[in-house]
Amino acid sequence: MAFTFAAFCYMLTLVLCASLIFFVIWHIIAFDELGTDFKNPIDQCNPLRARERLRNIERICSLLRKLVLPEYSIHGLFCVMFTCAGEWVTLGLNIPLLFYHLWRYFHRPADGSELLYDPASVMSADILSYYQKESWCKLAFYLVSFFYYLYSMVYTLVSF
Amino acid sequence: MEGLSFQNKQQAEALKQVNLLQERNILPPVPIQNPQSKLSPELRKLNCNPDLFRCTLMNVPQTQALLNKAKLPLGLLLHPFKDLTYLPVITSSTIVRCRTCRTYINPFVSFLDQRRWKCNLCYRVNDVPEEFMYNPLTRSYGEPHKRPEVQAATVEFIASSDYMLRPPQPAVYLFVFDVSHNAVESGYLNICCQSLLENLDKLPGDSRTKIGFITFDSTVHFLNLQEGLSQPQMLIVSEIEDIFIPTPDSLLVNLHESNELIADLLEVLPKMFAGTRETHSALGPALQAALKLMSATGGRMSVFQTQLPSIGVGQLFSREDPNQRSTIKGAQHLGPAIDFYKKFALDCSGQQVAVDLFLLSGQYSDMASLACMSKYSAGSVFYYPSFHHIHNPAQAEKFQKDLQRYLIRKIGFEAVMRIRCTKGLSIHTFHGNFFVRSTDLLSLANINPDSGFAVQMSIEESLADSSVVCFQAALLYTSSNGERRIRVHTLCLPVVNSVADVYTGADVQAITCLLATMAVDRSVSSSLSDARDALVNAVVDSFSAYHSTVSNLQQSVLVVPNSLRLFALYILALLKQQAFKSGPCIGLDERVFAMCKMKTQPLVHLMLMIHPHLYRIDNLSDEGSITVGDKTVPQPHILQLSAEKLSKEGAFLMDCCSVMYLWIGKNCSSSFINNVLGFSNYASIPQNLYQLPELDTALSQRVTSFVSWLRDSRPFLSILYVVKDDAPFKTNFFQRLVEDRTESTLSYYEFLLHIQQLISK
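Heads up: the sequence lines are chains W and B, in that order. The first sequence begins at 0 in numbering that gives the first Met the number 0 and counts up by one. The second sequence begins at 0 in numbering that gives the first Met the number 0 and counts up by one.
None of these hints come from the bench; they were simulated from the model. Mixed in with the good hints there might be a few duds.
[Stated by the list, open to error] With a straight-line cut-off of 20 Å between C-alpha atoms, the simulated EDC-like cross-links for lysine to aspartate or glutamate are:
(1) B/Lys342 / W/Asp117
(2) B/Lys342 / W/Glu133
(3) B/Lys342 / W/Asp31
(4) B/Lys342 / B/Asp241
(5) W/Lys132 / B/Asp724
(6) B/Lys723 / B/Asp629
(7) B/Lys422 / W/Glu57
(8) B/Lys409 / B/Asp724
(9) B/Lys665 / B/Asp711
(10) B/Lys647 / B/Asp724
(11) W/Lys65 / B/Glu643
(12) B/Lys70 / W/Asp125
(13) B/Lys44 / B/Asp112
(14) W/Lys132 / B/Asp711
(15) B/Lys291 / W/Glu51
(16) B/Lys68 / B/Asp50
[Claimed, not checked] Rough simulated footprint, nothing fancy, chain B against chain W, three-plus residues with beta-carbon under 8 Å:
(17) 92 to 105
(18) 124 to 135
As the structure is a computational prediction, the values presented were derived from the model and not from experiment. Virtual Cβ for every residue (Gly too), placed ideally from N, Cα, C.
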C-alpha cells in the first residue's frame with residue numbers, strides 16, 4: 000500500500016466531488032421551484048402576488064449565483080491537482096468541462112454584475128430548459144466521476 | 000363547389016414558382032394581403048383579425064421535422080390591446096372555461112351535444128353550465144353555440160370578483176421632469192405643460208384618478224399640492240445618496256379635487272426654472288423617489304430626460320466613440336452599461352408601475368442603458384434626437400402631437416397576459432416590453448394600444464391527430480375606470496403534412512418581423528455582424544430548402560414560391576435599416592432606438608418602417624380613390640423603392656411610418672409647385688419645409704387628403720419633410736431606396752446573385 004500524492008489527490012477529489020454533486024442537485028431543485036408558480040391560476044393574476052413572485056425569482060437566482068464560483072473553482076482545483084500528480088487520463092477527462100466553464104464565465108452579459116441567472120430573462124422556456132439540461136448532464140458527469148475517483152483511489156493505493 | 004375551386008386556385012397561385020432573377024416587378028401596386036390558410040370558409044370567417052393575432056406560417060406543419068425541412072421560423076405576432084371599432088363585451092356572471100387548461104370558451108370549440116363541449120386546446124370534455132344555455136341576445140334557450148362568446152374570436156369579459164384579490168387600482172400618473180439647464184434650453188417643458196393643461200380632463204380615469212409631479216436636476220424637487228395651499232409648494236431634497244419622501248401625502252393628489260391647483264402649477268412650472276444654471280442630472284435618485292411614491296398603488300410613471308445622468312446612483316458615462324461610428328466595431332455598446340435601470344424596472348414591475356421614457360437629447364445619452372427601465376416594466380420609449388423648440392420645429396410639433404396621443408390613449412393597469420396553444424405546441428421565447436413571470440405568463444404593469452409582442456414556438460409532439468391548432472391570448476387588466484376586464488383573442492390554423500402546403504401559407508411580412516426581433520436579440524447577445532449573417536442565412540436556408548423540394552432545376556435560376564417572393568427584398572431592406580446598417584453615420588442612440596422599435600411595434604407599422612411605401616403624387620387622380628367620411632382619398636400605386644422609378648419631372652412621397660419624405664424633382668412642373676406647395680418655382684422652395692399648406696386647388700386637396708389619410712392610420716404623428724433634389728439631407732431619402740446600390744451595400748439584383756452563390760455552395 001503506497002500512499003502516494005496521486006492517492007491523496009483522489010481522496011480529496013472524492014470528498015469535493017460529493018459537494019459538487021450536492022451543488023448540482025441544489026440547482027435542479029431550484030429550477031424546478033422556479034418553474035412552478037402558484038397553483039391557482041386566479042391567484043397568479045393577483046397583482047399583489049406579482050411582487051412576491053418577483054422576489055422569489057430574484058432570491059432563487061441570487062442563491063444560484065452564489066454557487067457558481069465555488070463550483071468552477073473546485074473543478075479548477077481538481078484539474079490543477081491532477082496536473083501536479085501526473086494523472087493524465089483523469090485530467091483529459093476533466094479538460095472539456097474546464098473549457099466549458101471558462102466559456103460560460105467569459106460569455107456572461109456585459110452589464111457587469113450578473114455572473115449568470117438573470118432574473119429578467121431566466122423564465123423564458125428555452126433558457127430555463129437549457130439550464131435544466133445542463134444541470135442533469137453535470138449531475139451525470141459528476142456521479143460517474145465520483146465512482147471513477149473512488150476506483151482510481153483504491154487502484155493507486157493498492158497498486159504498488 | 001365554386002368556393003372550393005376558388006380556394007384551390009388561390010392555393011395554386013400561392014405555390015406558383017417565381018424566378019426572382021427574371022421577375023422585375025415583384026412588388027404589387029396595392030398593399031400586401033396576408034396569405035390565406037387552408038381552413039374552411041366558415042372557420043376563416045370566424046377567425047381572429049390578422050392585425051391583432053398573426054402566425055408566421057398560416058398552415059402549421061405537423062411535426063418539428065417538417066418545420067425544420069421548410070427552414071422558416073414559427074411564431075406569433077400579437078397586438079392585443081389595439082384600438083378596436085367593434086368589440087363585443089360580455090357581462091355575464093359566469094365565464095365558461097375549460098376545467099384543466101382554463102381556456103376561455105371560443106368559436107373553435109366543438110359542442111358534443113347541447114350539454115357538453117370539448118376544449119380545442121387540451122381536448123377535455125367539459126359541461127356547459129346552466130346559465131350558459133340561455134342566450135340573452137336572442138332570448139332563446141338551448142343553443143349555447145349561438146352565444147356571443149362563441150361567435151366572435153375577439154371578446155372582452157368583465158371579470159367577476161374572483162379575478163381580483165385587491166380592489167382594482169385607480170389611475171395614477173406621475174410625471175418626472177428633467178429641469179437642468181440643458182432641458183430648459185431645449186424648451187420641452189413648455190410644450191409638456193401646455194399639453195397637460197389642455198388634456199387634463201381627458202386623461203383616462205375616474206373620480207379616483209391621482210396625479211403628481213417630480214422635477215430634478217442635481218437635487219430632487221417634490222411638488223406639494225395640498226388642499227388649502229394657495230399655490231403649489233416645492234420641497235427640495237438634496238441628499239440624493241439616500242433619497243426619502245419629505246411628506247407622506249399630498250404629493251400624489253386626486254385630479255378632480257385639486258384641479259385648479261394643478262392647473263396653476265402647470266402654468267408656473269416652466270417659468271420656475273427659467274434661469275437655472277444647474278447642469279447635472281440626478282436621474283437615478285429621482286426614479287427611486289418616484290417609485291417610493293407610487294409603491295402603494297401602482298400606475299404609470301412618465302420620465303422626461305435630456306442628457307446623460309451625471310450624478311447619484313445610476314450615473315452613466317459616454318461610451319460612444321465618434322471616430323468608431325463608421326466601422327461595425329463601433330456598434331458594440333448595444334447592451335446596458337450598468338444594471339441599475341434593469342433592477343429598477345424589475346422593482347417597478349413588482350409594484351405594478353410602468354415607466355415610459357421620453358429622451359429628448361442632442362448628444363449621446365446611453366439609450367441602451369436607459370431603455371432598460373421601460374423594457375422590463377412594460378413601458379414605452381420615445382426618442383426625439385436633437386430636440387429644440389426653436390431650431391427644430393418639426394420635432395417640436397411631433398413631440399406635442401405624440402404627447403397628446405400619449406396622454407389620452409386608452410390604458411390598462413396591473414395586467415397579465417397568458418398565451419395558450421393546443422397540446423403539442425409550446426412557446427419558448429417572448430419578445431416585447433414585459434417581465435416574464437412564468438413560462439407562459441407575462442406580467443405587464445401597463446398595457447397600451449400601441450405596443451406589439453412576438454413569441455417563438457416549437458412543436459413538441461406530432462400534431463398528426465388534430466386537423467386544426469388554436470392559439471388563445473388572454474389579457475387580464477384593470478381598465479382606467481376601475482373595472483377588471485379580460486380581453487381574449489383566439490386564432491385557429493390548419494395542420495398540414497406536406498412542405499408545399501407550409502410554403503403556401505408562409506406569411507412573409509410576419510416572418511420578416513419575427514426575424515427582425517430575433518436579430519435584435521442576437522446583436523445584443525453576440526454581435527451586429529453575427530445578426531446580419533444570421534438574417535442572410537435565414538433567406539439562404541429557406542430558399543435552398545425550397546430548391547431541394549423542387550425537381551429538375553436549372554443552374555442559373557433562383558426559384559421561390561409565390562408566397563415568399565418578397566422575402567429577399569424585405570431582408571435586404573432590413574439589412575439596410577438603421578438598426579442593422581453597417582455603414583457610417585448612425586449614432587449609437589439612434590441605432591438602439593431603432594432596435595427598441597423593432598421589438599415593440601405592431602406588425603403593420605414595423606413593415607412600413609422596414610420597407611416604406613413610395614407613391615408618385617404629382618399626378619394624383621381620382622380614379623380608384625376611396626371615400627372616407629365625406630372626403631375622397633386617392634389611392635396611388637405603390638412603387639418599387641428604386642431610383643429608376645423616380646423621375647425629375649415628378650414629385651414622390653415616401654411613407655416610412657414615423658417620417659414621410661416628399662421629394663421634388665428638379666424639373667417638377669411648376670403647376671404642382673404652385674398648386675400644392677404654394678411657391679412660384681422650384682428655386683423658391685425653402686430648405687426645411689415641413690408643412691403642406693391647404694390651398695384651394697383640386698390637386699392640393701387630393702394631396703392633403705391623401706397625406707392626412709395616411710397620417711390618421713397611425714397613432715403617432717409622422718413628420719413630413721419636403722426634400723429638394725439639392726437639399727443636404729436628401730441622403731435620408733435616397734438611402735431608403737433599398738433596391739439601389741450604395742458605396743457599402745448591395746443592390747437588390749446583386750443581393751439575389753449573392754444568395755444564389757451561397758445556395759449553390
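Violated hints, by number in ascending order, as checked against the structure | Hint check: 2, 3, 5, 6, 7, 8, 9, 11, 13, 14, 16, 17 fail, others pass.
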